[in-house]
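K.L.:
Below are the chains, spelled out letter by letter.
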Amino acid sequence: MRPLTDQETSRLFEKLASYMGRNITHLIDRPDDPHVFRLQRDRVYYVRESIAKLATSVARDKLLSVGTCLGKFTKKTGKFKLHITALDHIAPHAKYKVWVKSNGEMPYLYGNHVVKAHVGRMSEDTPEHQGVLVYAMNDTPLGFGVTARSTAEVRRLDPTAITVFRQADAGEYLREEDTLF
Amino acid sequence: MGPSRARSHQGPPEPLHESKFSGSKKRKGGANDSRGSKRKKDLPTAPAAKKSKSKFQDSKPAPKAAKAKKSATPKPSKEVENAKKSLFEDSEEDEVIDDKLELESDDDDEVEKAQKLGDDFLAGGDSDSEIYDSDDENAPRPVFSDDEDESDAEEKLTAANIAGLSRKLDMQKAIEEAEAAAELAESQMQTNIAEDKPRILGDAGAEDGATAMAPPDITLLRTRIADTIRVLEDFKNLHEDGRSRAEYTAQLIKDVCEYYGYSPFMAEKLYQLFSPAEAFSFFEANEKQRPLVIRTNTLKTARRELAQALINRGVTLEPVGKWSKVGLQVFESSVPLGATPEYLAGHYILQAASSFLPVMALAPQLNERILDMAAAPGGKTTYISALMKNTGCVFANDPSRDRARGLIGNIHRLGVKNTVVCNYDAREFPKVIGGFDRVLLDAPCSGTGVISKDPSVKTNKDEKDFMVLPHLQKQLLLCAIDSVDHASKTGGYIVYSTCSVTVEENEGVVDYALRKRPNVKLVETGLTFGTPGFTSFRGKKFDEKLKWTRRFYPHMYNVDGFFVAKFKKVGPTPQAKATPSEVNATDGGGEAAGGGGEAGDGDESEFRGF
Numbered sequence: 001m002r003p004l005t006d007q008e009t010s011r012l013f014e015k016l017a018s019y020m021g022r023n024i025t026h027l028i029d030r031p032d033d034p035h036v037f038r039l040q041r042d043r044v045y046y047v048r049e050s051i052a053k054l055a056t057s058v059a060r061d062k063l064l065s066v067g068t069c070l071g072k073f074t075k076k077t078g079k080f081k082l083h084i085t086a087l088d089h090i091a092p093h094a095k096y097k098v099w100v101k102s103n104g105e106m107p108y109l110y111g112n113h114v115v116k117a118h119v120g121r122m123s124e125d126t127p128e129h130q131g132v133l134v135y136a137m138n139d140t141p142l143g144f145g146v147t148a149r150s151t152a153e154v155r156r157l158d159p160t161a162i163t164v165f166r167q168a169d170a171g172e173y174l175r176e177e178d179t180l181f
Numbered sequence: 001m002g003p004s005r006a007r008s009h010q011g012p013p014e015p016l017h018e019s020k021f022s023g024s025k026k027r028k029g030g031a032n033d034s035r036g037s038k039r040k041k042d043l044p045t046a047p048a049a050k051k052s053k054s055k056f057q058d059s060k061p062a063p064k065a066a067k068a069k070k071s072a073t074p075k076p077s078k079e080v081e082n083a084k085k086s087l088f089e090d091s092e093e094d095e096v097i098d099d100k101l102e103l104e105s106d107d108d109d110e111v112e113k114a115q116k117l118g119d120d121f122l123a124g125g126d127s128d129s130e131i132y133d134s135d136d137e138n139a140p141r142p143v144f145s146d147d148e149d150e151s152d153a154e155e156k157l158t159a160a161n162i163a164g165l166s167r168k169l170d171m172q173k174a175i176e177e178a179e180a181a182a183e184l185a186e187s188q189m190q191t192n193i194a195e196d197k198p199r200i201l202g203d204a205g206a207e208d209g210a211t212a213m214a215p216p217d218i219t220l221l222r223t224r225i226a227d228t229i230r231v232l233e234d235f236k237n238l239h240e241d242g243r244s245r246a247e248y249t250a251q252l253i254k255d256v257c258e259y260y261g262y263s264p265f266m267a268e269k270l271y272q273l274f275s276p277a278e279a280f281s282f283f284e285a286n287e288k289q290r291p292l293v294i295r296t297n298t299l300k301t302a303r304r305e306l307a308q309a310l311i312n313r314g315v316t317l318e319p320v321g322k323w324s325k326v327g328l329q330v331f332e333s334s335v336p337l338g339a340t341p342e343y344l345a346g347h348y349i350l351q352a353a354s355s356f357l358p359v360m361a362l363a364p365q366l367n368e369r370i371l372d373m374a375a376a377p378g379g380k381t382t383y384i385s386a387l388m389k390n391t392g393c394v395f396a397n398d399p400s401r402d403r404a405r406g407l408i409g410n411i412h413r414l415g416v417k418n419t420v421v422c423n424y425d426a427r428e429f430p431k432v433i434g435g436f437d438r439v440l441l442d443a444p445c446s447g448t449g450v451i452s453k454d455p456s457v458k459t460n461k462d463e464k465d466f467m468v469l470p471h472l473q474k475q476l477l478l479c480a481i482d483s484v485d486h487a488s489k490t491g492g493y494i495v496y497s498t499c500s501v502t503v504e505e506n507e508g509v510v511d512y513a514l515r516k517r518p519n520v521k522l523v524e525t526g527l528t529f530g531t532p533g534f535t536s537f538r539g540k541k542f543d544e545k546l547k548w549t550r551r552f553y554p555h556m557y558n559v560d561g562f563f564v565a566k567f568k569k570v571g572p573t574p575q576a577k578a579t580p581s582e583v584n585a586t587d588g589g590g591e592a593a594g595g596g597g598e599a600g601d602g603d604e605s606e607f608r609g610f
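Chains A and B are the protein sequences, given in the same order. The numbering of the first sequence is full-length UniProt numbering, which starts it at 1 and goes up by one. The numbering of the second sequence is full-length UniProt numbering, which starts it at 1 and goes up by one.
Just so you know, these hints were derived from the structure itself, not from any lab. Just so you know, not all the hints are guaranteed correct.
One-sided and incomplete, this derived list gives chain B residues near chain A with beta-carbon spacing under 7 Å [stated by the list, open to error]:
#1 P341
#2 C393
#3 I408
#4 G409
#5 R413
#6 G415
#7 C422
#8 N423
Stretch by stretch, here's where chain B covers chain A in the computed footprint (C-beta under 8 Å, at least three residues) [stated by the list, open to error]:
#9 21 to 32
#10 103 to 116
Listed next, with one range per pair, are the computed distances between beta-carbon atoms [stated by the list, open to error]:
#11 A:R155 x B:G526: 56 to 62 Å
#12 B:I311 x A:T9: 44 to 50 Å
#13 B:T391 x A:G21: 26 to 32 Å
#14 B:K322 x A:P34: 38 to 44 Å
#15 A:S57 x B:T459: 39 to 45 Å
#16 B:E544 x A:D33: 45 to 51 Å
#17 A:G78 x B:F265: 55 to 61 Å
#18 B:T459 x A:K79: 50 to 56 Å
#19 A:S57 x B:R245: 56 to 62 Å
Since this is a predicted model, take the numbers as computed values, not measurements. Each residue gets a CB set at the ideal place from its N, CA and C atoms; glycine is no exception.
Construct all of the structure, not just a fragment, from the sequences and the given hints.
P.N.:
Structural data, given as structure tokens:
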């Protein structure tokens, strides 16, 4: 377990910022309750500083997880891939949001993109190719993705057109259990 | 098999009532029951009044019959005549009846007699219809069956027979009053009944051979089990001359093995824990499924909201009981509960009611540091974190990397942020990191409490398992004790739990720890229900304080069989003892320890190799 290098940090923040915008400071700068980012194997964990200190007494090969896993760096290209497990930390600070109707919940949780017909609500002036959080109508976060069109264009789409490309959804807790952790 | 218990209530008291045994016995008793219904059908179509009369006879509770037999007791005057009558019949039977089969036919004769005898026979003449059933029936149920009778009678009420019926009801009422008065005396007097001894044991070894050849008759087997239990419950009066208690017990265990499919070793081991009747209901309960229970994740939602959301999805549920504020018992669901959006969003976790208990006993406080030595699949760990509201730190250890995957999944899904998941053999623990405020050890065990979940336990455990597992558990418990900071301001507690009911794995281990570590003492678990642990068992004496430990049985509370003990550490472990060398010296294998108490999902296999 070690802190992130500068390059890793910038890649991570870039990714987080695409969903959170400037709100990313809420994660990084918490004077009352300092948190740190830690790399263990290829995973990035976000954890309270006090817990990170305690975790140092666990041998590297015996430490499986600490705090919350945000995602991992890919082996070949070193890009950062955000995991669904990060949802809990991102959701409260999301900048752009999409709500899906109840008939769209299950299709989304089964790994499909969000089609126009299932969109119940959408943040105004969301640009194209913008990272968004996907919520159920009762404000339960379900996952995140990237918009295919801006809000204005979405209005003119036909019902079956894809509005949000899925990147991660809560269904992965079941589907990807073997590879996710 | 009876109906599943999945719909019946979980949790406390619903005390174990004798009527339960008699009820189930009757249900399955076959012979007696079918006899009753057959009689009903056999009756020729008679005037309405008469019909209801005969129903009377069927459903009347045993006490009357029993009473009728005692000539010696002083009796309320109204009844004397009837009693004499039935007494007369009884003595007749004495000569004839020796066997159940004969008895049946006799009974049928009596029905005809009864019909002829007319109204006043009815009063006391319910004859022997139920007498051969257990004496358990007497006490608890008269009210119930009486109610039935009354409504029965009223149904047939017509202008024509109203006078007769009301007279009958009056009479019946009077009799009932008399009965109530006499009941207490009866329960003692009844023991005088001589002709009531069931014949259970075969004549000699020869017959045993014969029965072994024949395919087992399930109904017969059941009846015999019930009868044997009745004899064992009242051995002094009901046993056949020249037969010892051991013979009956051996027969019972043999029948149990055959009927439920236990190995003789396991059947005997479990039988020893209970009185015969209780053992029977324990075996019965193991055949039925426990209810499906979910625990609300208070980090993300409230129970009321969750219940509402699930009800909207077509799930029938209700709070699990007064003892838990987060449990919901699920009766019926039109959707798979492990894949609803609420589940994926981490609003609840599927968790057996029994595994709430050790965490409730642990009672974690905010900002503490806590160790869960065998954490997978994470039900208890996440409950601890939820109670701590994500403050402090929880070390979740599990020796199996595979099982830890599910643990990490659950931790993230439920939004738990204060855990460190590690992968040690739990016996390494005070060396890795110590000084915890509280430690939860849900030890790997034989799983005798969760037979309904994993029936393979019935046969795949032998004597060796009950030496190896306790050995491992003792090592783990000492490590758990050594990992705790006795000077902790808020804590200093250790909770030991297993999902086993055997004494070796529970009281034996706890007692051992008390002897090896004088710096810990047992304290009350704080759980509102459960039976006290044994303070002595088959000649072994345990510490007095073991009465503060708690046992949970499937037949009593409809939860998995479970054991919970809570220690408080009061002083430092002496340096010489800090390494559990006394157990290590005899330690045979270095296998992974602490596979998690959720036996039944395959962790036993890990320990089989000892």
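K.L.:
Each hint should be assessed against the structure and marked as holding or not.
P.N.:
Right, here's what the structure says about each hint:
no.: 1; hint: P341; in the structure: holds (5 Å)
no.: 2; hint: C393; in the structure: holds (5 Å)
no.: 3; hint: I408; in the structure: holds (4 Å)
no.: 4; hint: G409; in the structure: holds (6 Å)
no.: 5; hint: R413; in the structure: holds (5 Å)
no.: 6; hint: G415; in the structure: holds (5 Å)
no.: 7; hint: C422; in the structure: holds (5 Å)
no.: 8; hint: N423; in the structure: holds (5 Å)
no.: 9; hint: 21 to 32; in the structure: violated (count 0)
no.: 10; hint: 103 to 116; in the structure: holds (count 3)
no.: 11; hint: A:R155 x B:G526: 56 to 62 Å; in the structure: holds (59 Å)
no.: 12; hint: B:I311 x A:T9: 44 to 50 Å; in the structure: holds (46 Å)
no.: 13; hint: B:T391 x A:G21: 26 to 32 Å; in the structure: holds (29 Å)
no.: 14; hint: B:K322 x A:P34: 38 to 44 Å; in the structure: holds (41 Å)
no.: 15; hint: A:S57 x B:T459: 39 to 45 Å; in the structure: holds (43 Å)
no.: 16; hint: B:E544 x A:D33: 45 to 51 Å; in the structure: holds (46 Å)
no.: 17; hint: A:G78 x B:F265: 55 to 61 Å; in the structure: holds (59 Å)
no.: 18; hint: B:T459 x A:K79: 50 to 56 Å; in the structure: holds (53 Å)
no.: 19; hint: A:S57 x B:R245: 56 to 62 Å; in the structure: holds (58 Å)
When each numbered hint is compared with the structure, a violation occurs for hint 9 only.
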